[in-house]
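A.B. asks: Protein chains in written order, with the working numbering: chain A, 90 to 652; chain B, 3 to 246; chain C, 580 to 957.
Do not take every clue at face value.
Claimed, not checked - Below are the SDA-like pairs computed for lysine to any residue, each with C-alpha atoms no more than 25 Å apart in a straight line:
no.: 1; chain 1: B; residue 1: K13; chain 2: A; residue 2: K600
no.: 2; chain 1: B; residue 1: K13; chain 2: A; residue 2: S123
no.: 3; chain 1: A; residue 1: K214; chain 2: B; residue 2: I191
no.: 4; chain 1: B; residue 1: K57; chain 2: C; residue 2: Q634
no.: 5; chain 1: A; residue 1: K600; chain 2: C; residue 2: V873
no.: 6; chain 1: B; residue 1: K162; chain 2: C; residue 2: D743
no.: 7; chain 1: C; residue 1: K906; chain 2: C; residue 2: D743
It is worth saying that the hints were derived from the structure and are not from the lab.
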Amino acid sequence: MSTTIEHETGAPHHAEPHAAGHVSYLKDGYSIWSWLFTVDHKRIGILYLIMLTLFFAVGGALAGLVRLNLITPSGMILENDQYNKTFTAHGVVMLFLFLIPSIPGVFGNFFVPIMVGAKDMAFPKLNIASWYVWMLGAGFAVLALLTGGLDTGWTLYPPYSTRSSHGNVVTGVFGVFITGFSSIMTGLNIIVTIHRMRAPGMTWGRLPLFCWAMYATSLIQLLATPVLAIALLLLMIESASNALGVPVGIFDPALDGDPVLFQHLFWFYSHPAVYIMILPGMGVVSELLTCFSRKNIFGYTAVAWSSVGIAIVGFLVWAHHMFVAGISYYAALLFSLLSMFVAVPSAIKVFNWVSTLYRGAISFQAPMIFGLGFIVLFTIGGLTGLYLATLGSDIHLHDTYFIVAHFHFVMVGGMVLAYLGAVHYWWPKMFGVMYSDFWSRIGAVLIITGYTLTFMPQFWLGYHGMPRRYPNYPAQFQFLNVMSTAGYTVQLAGFLLIHTYLILSFFTGKKAGPNPWAATGLEWAPTESPPITHNFDTTPRVVAGPYEYSLNLTQTGEKADVR
Amino acid sequence: MSASVAAGALKHHFEDIEQQRGAERLGMWMFLATEILFFGGIFLAYTVYRLLYPKDFADIAGRLNVAVAGLNTFLLITSSLTMTFAIRACQMGKRSTLLLCLAVSGLLGTGFMCFKAYEYYQDYEEGLMPWRTNFGQEKVHNPDDEHAPPTTLNEQWEKKGVAPQRVRLFMTFYFVMTGIHGLHIIIGIGVIAYLWYRGYMGWLTPDRYAAVEVSSLYWHLVDAIWLFLMPLLYLAGPHHSLHF
Amino acid sequence: MILQTTMLPPQASEIAWHVDNLIWFISAVCGITGLGVYGALLYFCIVYRRKVPNQLGYAPTPRILGSHKMELAWTVIPLVLFLGFFAWGAWIYNMCFHEPPDAPEIYIVGKQWMWKIQYPEGQRVILGQNSLDYSKTVGGEGYFEGVMVLPVNRPVKIITTSEDVIHDFGIPAFRQKIDVVPGRYTSTWYLPTKTGTYDVFCDQYCGTNHSLMVGKVVVVDGDTYTKWLAGTWSPDGGQGHGNRNAVDGSMAHQGRQLFMKLNCIQCHNTQNPRAPVLEEIFGTRRQFKDGTSVIADDEYLRESIRKPRAKVREGWEAIMPHFGTDKVSPEDLNKVVAYIKSLKKGDTPVRTEDWVPPVGAPTEERPQGKSSEGGGPK
Numbered sequence: 090m091s092t093t094i095e096h097e098t099g100a101p102h103h104a105e106p107h108a109a110g111h112v113s114y115l116k117d118g119y120s121i122w123s124w125l126f127t128v129d130h131k132r133i134g135i136l137y138l139i140m141l142t143l144f145f146a147v148g149g150a151l152a153g154l155v156r157l158n159l160i161t162p163s164g165m166i167l168e169n170d171q172y173n174k175t176f177t178a179h180g181v182v183m184l185f186l187f188l189i190p191s192i193p194g195v196f197g198n199f200f201v202p203i204m205v206g207a208k209d210m211a212f213p214k215l216n217i218a219s220w221y222v223w224m225l226g227a228g229f230a231v232l233a234l235l236t237g238g239l240d241t242g243w244t245l246y247p248p249y250s251t252r253s254s255h256g257n258v259v260t261g262v263f264g265v266f267i268t269g270f271s272s273i274m275t276g277l278n279i280i281v282t283i284h285r286m287r288a289p290g291m292t293w294g295r296l297p298l299f300c301w302a303m304y305a306t307s308l309i310q311l312l313a314t315p316v317l318a319i320a321l322l323l324l325m326i327e328s329a330s331n332a333l334g335v336p337v338g339i340f341d342p343a344l345d346g347d348p349v350l351f352q353h354l355f356w357f358y359s360h361p362a363v364y365i366m367i368l369p370g371m372g373v374v375s376e377l378l379t380c381f382s383r384k385n386i387f388g389y390t391a392v393a394w395s396s397v398g399i400a401i402v403g404f405l406v407w408a409h410h411m412f413v414a415g416i417s418y419y420a421a422l423l424f425s426l427l428s429m430f431v432a433v434p435s436a437i438k439v440f441n442w443v444s445t446l447y448r449g450a451i452s453f454q455a456p457m458i459f460g461l462g463f464i465v466l467f468t469i470g471g472l473t474g475l476y477l478a479t480l481g482s483d484i485h486l487h488d489t490y491f492i493v494a495h496f497h498f499v500m501v502g503g504m505v506l507a508y509l510g511a512v513h514y515w516w517p518k519m520f521g522v523m524y525s526d527f528w529s530r531i532g533a534v535l536i537i538t539g540y541t542l543t544f545m546p547q548f549w550l551g552y553h554g555m556p557r558r559y560p561n562y563p564a565q566f567q568f569l570n571v572m573s574t575a576g577y578t579v580q581l582a583g584f585l586l587i588h589t590y591l592i593l594s595f596f597t598g599k600k601a602g603p604n605p606w607a608a609t610g611l612e613w614a615p616t617e618s619p620p621i622t623h624n625f626d627t628t629p630r631v632v633a634g635p636y637e638y639s640l641n642l643t644q645t646g647e648k649a650d651v652r
Numbered sequence: 003m004s005a006s007v008a009a010g011a012l013k014h015h016f017e018d019i020e021q022q023r024g025a026e027r028l029g030m031w032m033f034l035a036t037e038i039l040f041f042g043g044i045f046l047a048y049t050v051y052r053l054l055y056p057k058d059f060a061d062i063a064g065r066l067n068v069a070v071a072g073l074n075t076f077l078l079i080t081s082s083l084t085m086t087f088a089i090r091a092c093q094m095g096k097r098s099t100l101l102l103c104l105a106v107s108g109l110l111g112t113g114f115m116c117f118k119a120y121e122y123y124q125d126y127e128e129g130l131m132p133w134r135t136n137f138g139q140e141k142v143h144n145p146d147d148e149h150a151p152p153t154t155l156n157e158q159w160e161k162k163g164v165a166p167q168r169v170r171l172f173m174t175f176y177f178v179m180t181g182i183h184g185l186h187i188i189i190g191i192g193v194i195a196y197l198w199y200r201g202y203m204g205w206l207t208p209d210r211y212a213a214v215e216v217s218s219l220y221w222h223l224v225d226a227i228w229l230f231l232m233p234l235l236y237l238a239g240p241h242h243s244l245h246f
Numbered sequence: 580m581i582l583q584t585t586m587l588p589p590q591a592s593e594i595a596w597h598v599d600n601l602i603w604f605i606s607a608v609c610g611i612t613g614l615g616v617y618g619a620l621l622y623f624c625i626v627y628r629r630k631v632p633n634q635l636g637y638a639p640t641p642r643i644l645g646s647h648k649m650e651l652a653w654t655v656i657p658l659v660l661f662l663g664f665f666a667w668g669a670w671i672y673n674m675c676f677h678e679p680p681d682a683p684e685i686y687i688v689g690k691q692w693m694w695k696i697q698y699p700e701g702q703r704v705i706l707g708q709n710s711l712d713y714s715k716t717v718g719g720e721g722y723f724e725g726v727m728v729l730p731v732n733r734p735v736k737i738i739t740t741s742e743d744v745i746h747d748f749g750i751p752a753f754r755q756k757i758d759v760v761p762g763r764y765t766s767t768w769y770l771p772t773k774t775g776t777y778d779v780f781c782d783q784y785c786g787t788n789h790s791l792m793v794g795k796v797v798v799v800d801g802d803t804y805t806k807w808l809a810g811t812w813s814p815d816g817g818q819g820h821g822n823r824n825a826v827d828g829s830m831a832h833q834g835r836q837l838f839m840k841l842n843c844i845q846c847h848n849t850q851n852p853r854a855p856v857l858e859e860i861f862g863t864r865r866q867f868k869d870g871t872s873v874i875a876d877d878e879y880l881r882e883s884i885r886k887p888r889a890k891v892r893e894g895w896e897a898i899m900p901h902f903g904t905d906k907v908s909p910e911d912l913n914k915v916v917a918y919i920k921s922l923k924k925g926d927t928p929v930r931t932e933d934w935v936p937p938v939g940a941p942t943e944e945r946p947q948g949k950s951s952e953g954g955g956p957k
């Protein structure tokens, strides 16, 4: 339908560049409106970047409160109720306002069109609409958190959330509901862009692995998010009906509803959502490792299809979050078995990444350190997932700190490191400036060590049985909790450092050339730093695969040298 | 290809009109996939309760106005047909046929919504709105026994062993499902009206038939969803007689 | 296990032993794999590092695109290992839900924020640290820091349900947990193997005082357990609040009182029955009006009280009202069910109306439906 919207005459028929398209996208208009009403995928990416940074800071601060409170067994600073609202806010902000839109919103928007050789996303107006919709949802979520908060946990299990919670469930859930539409819009745009907008010669076999990963991510966003939407809608109706005094027990057993049904619907989205959060990170790492080891990726097909495999099998494993929720024995068997299958593609990826380094020429710039950190921490996150997919051990470890550690290793150790790797890798392309090489390496190492220190003790806590979501706990758990909080401070130092030198780079950073890493992708070779509004002067012709580092060839057949 | 394309039909970031049409078509199909999952989720939830409480659901489903629903089904299927004619008319450049087909589709959709509103009004009269405090307290005729004096629904349910909270559950699903579907119809009518306006202004040239095509894809999906809603809700219980 | 040192959590049940073996097996396999990956990573990073630091751009590297054999190997080998985990885990999981047939059934009812534990012999304990709210809601009945007592080397079955929201009853030393879901009954079983005191946690987030819904379980030897059931021994030597409940009869006995109090007897009696007699029905096949039938198990008995019209016995009218949670709490329901299960031939009590009048009492014009105790003329 979007064809129908533009009907101004005189727009160019073909690829002839037009004057406005020739300047850097950052200089194509300076007014605030030129940003807020932009349809340029790069500017939309930057809009996402700004808001995500803000939400990440909020979510991180909330995590700090949680960790501080857990220094002493009786809870150091927060009342039980405040603590519950804090960890819920941390979960909601980090998941829905940071992790899910993070790489797709910033780097998917900014780089997928460039990497496939297109001038823009397939639906530019839908693209900016997705940012506004996301902001609207975020607005509702933040409103709910500020005016009383939510005390339900991000999982929102009824009947607690609909009956006993004394938070702003309806407002908060409505916010999350809305952000879902934004997620769908972005996913739809990326899929259509990758399918239909590829430049001549950009076959599926030459598509960068980042694009493959984004494609798989978008599939999940498209097909899983609507189920969450309907589950949340029913939850809102039930909450509202309770508030209005005409209770409908959609999920409330006291009124013949079924609370486990909500869990099924919720995890049908929220398990694949884990892959929405990690798959883009996997794509980024494939880019980083090849570039900084000057090697072709080992097993391109395997890495590409394992992303799609994760996306598909990821839809069939949701009930492994419910092994102790009273589901039937045979359902548990089936979902445990399928969970084992979804673990395989991740293992394939790790083995391929490591093999890529074999006989490479490895240099350790900050993006590479993040990439290697990703492999180390994600491997731990992935392997500990096996304990939870296995029925016998899940019975003990479920809902303990073991799970908290596991998913933080995947989400933070995986996704956040990949996100930071992507920021550092593409920063010179996005803004045309270089950050401090020295400090960035320090920052990367700080974050990785701080991270490990924070979450490693939690595995042990979980094995000892400390349940999650406890503001106070038996005294024998204190030592490990203090260690964990200490790790948080190291991470915090790392994040402050990173933000400092990245911001400083705008003022003091030296100008970056078009291809500072001597990389091969379309975003580096025929593209300026920062890119011009229409990305390319002429539509690029792709003649080579994405990672021809040993031939020193970019995808358009030029020499891949530092420029 | 581009030589035959009218100025402005091709947007700047596409290489040629075929690429643009392909993108639009694929985009709509992807959107429809999300719609199917959206409705699929609530169909699933409904089905779970239908299987858990067959007796209660059948009893209340028998109260719904299946005659109006049947008529509505006919309206929607017909409007789908006229939407398809509209694409062909646009491709062939027959402006007046295009406008006629769009108008008929839009009007049939509007008719659907009017009948729907009438049904909602009946539910209101019978005290079947789950968010109202008079739920189950209005006196109505018992469909099992047409000659008996009207009694409140609560009394009828009590006699039959039907649990009111499950009826409330059914009616909630009924309003959510038909409500969301109705919202889709309203959006569809808006889209058709907008297309009609564009056609009336002479902007819907054959180059731009993709606009009609993707809109009709959406319209078909909304119809198809109704074809699932109708048996799920209205035919879930026995109907003793057909009346409006 | 050999690794069982003070650094490790106590291992106090049969299942715990199995779970630990599995966890350490997975750890060993994952540890070896992980160390292999890290070793290779480190080795490559050192050996293939750029000799000139910070150099970027062209370097002569071999163009290696992959290897089908290796891909196949690292697809199949992990899959086989993972399936091994799966099979072992499934075996343990199966064990958790199949208790020995003679295990006594202990009922646990979760409520914000306490655990109410009922033993078949009548003993009753409440776990939780949230005495403030408790006194508000229940009116100060009983004490709070109760201790759950279990016998060593004897299996017990745990049947749980919740009065409000979802909870989870977990004992880390037993490596066991089970979600406690309102409207459903979930069960597991324990075979404690070591005497001692262990933590009980609520593992499913349930609101403000989720972290106070905790307590202790004490595993004692058989003799002590018998004494405890009889109310003559308590874990704190009878000094504290551990066990002040005087044992007022078994659960079945308490159920009998409810059977009278809730007027079940008015219809379910032998003299003038308006509903089926409930003697020895447990485990038998029940025939219904609509032609279906089921074996009468716990689930059926509970449903027949909560939603009596769902299944109506052949030859009887659907006249029984629903007994929702407002009339019969989950705890009381457990008692009534225990009573029905215990009913033997001829056990059904006699209605008070049907009592033989005392000798000499006036035999005419006794008002119907009044109990003989208050049977004076009105």
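A.B. asks: For every hint, state whether the structure bears it out.
C.D. replies: Results for each hint:
1. B/K13 - A/K600: violated, 34 Å
2. B/K13 - A/S123: holds, 20 Å
3. A/K214 - B/I191: holds, 22 Å
4. B/K57 - C/Q634: This hinted pair is violated, its Cα atoms lying about 76 Å apart.
5. A/K600 - C/V873: Not satisfied, since the Cα-Cα distance of roughly 80 Å exceeds 25 Å.
6. B/K162 - C/D743: violated, 29 Å
7. C/K906 - C/D743: Given that 25 Å is the threshold and the Cα spacing comes to 15 Å, the pair holds.
Comparing the model with each numbered hint stated earlier shows that hints 1, 4, 5, 6 do not hold.
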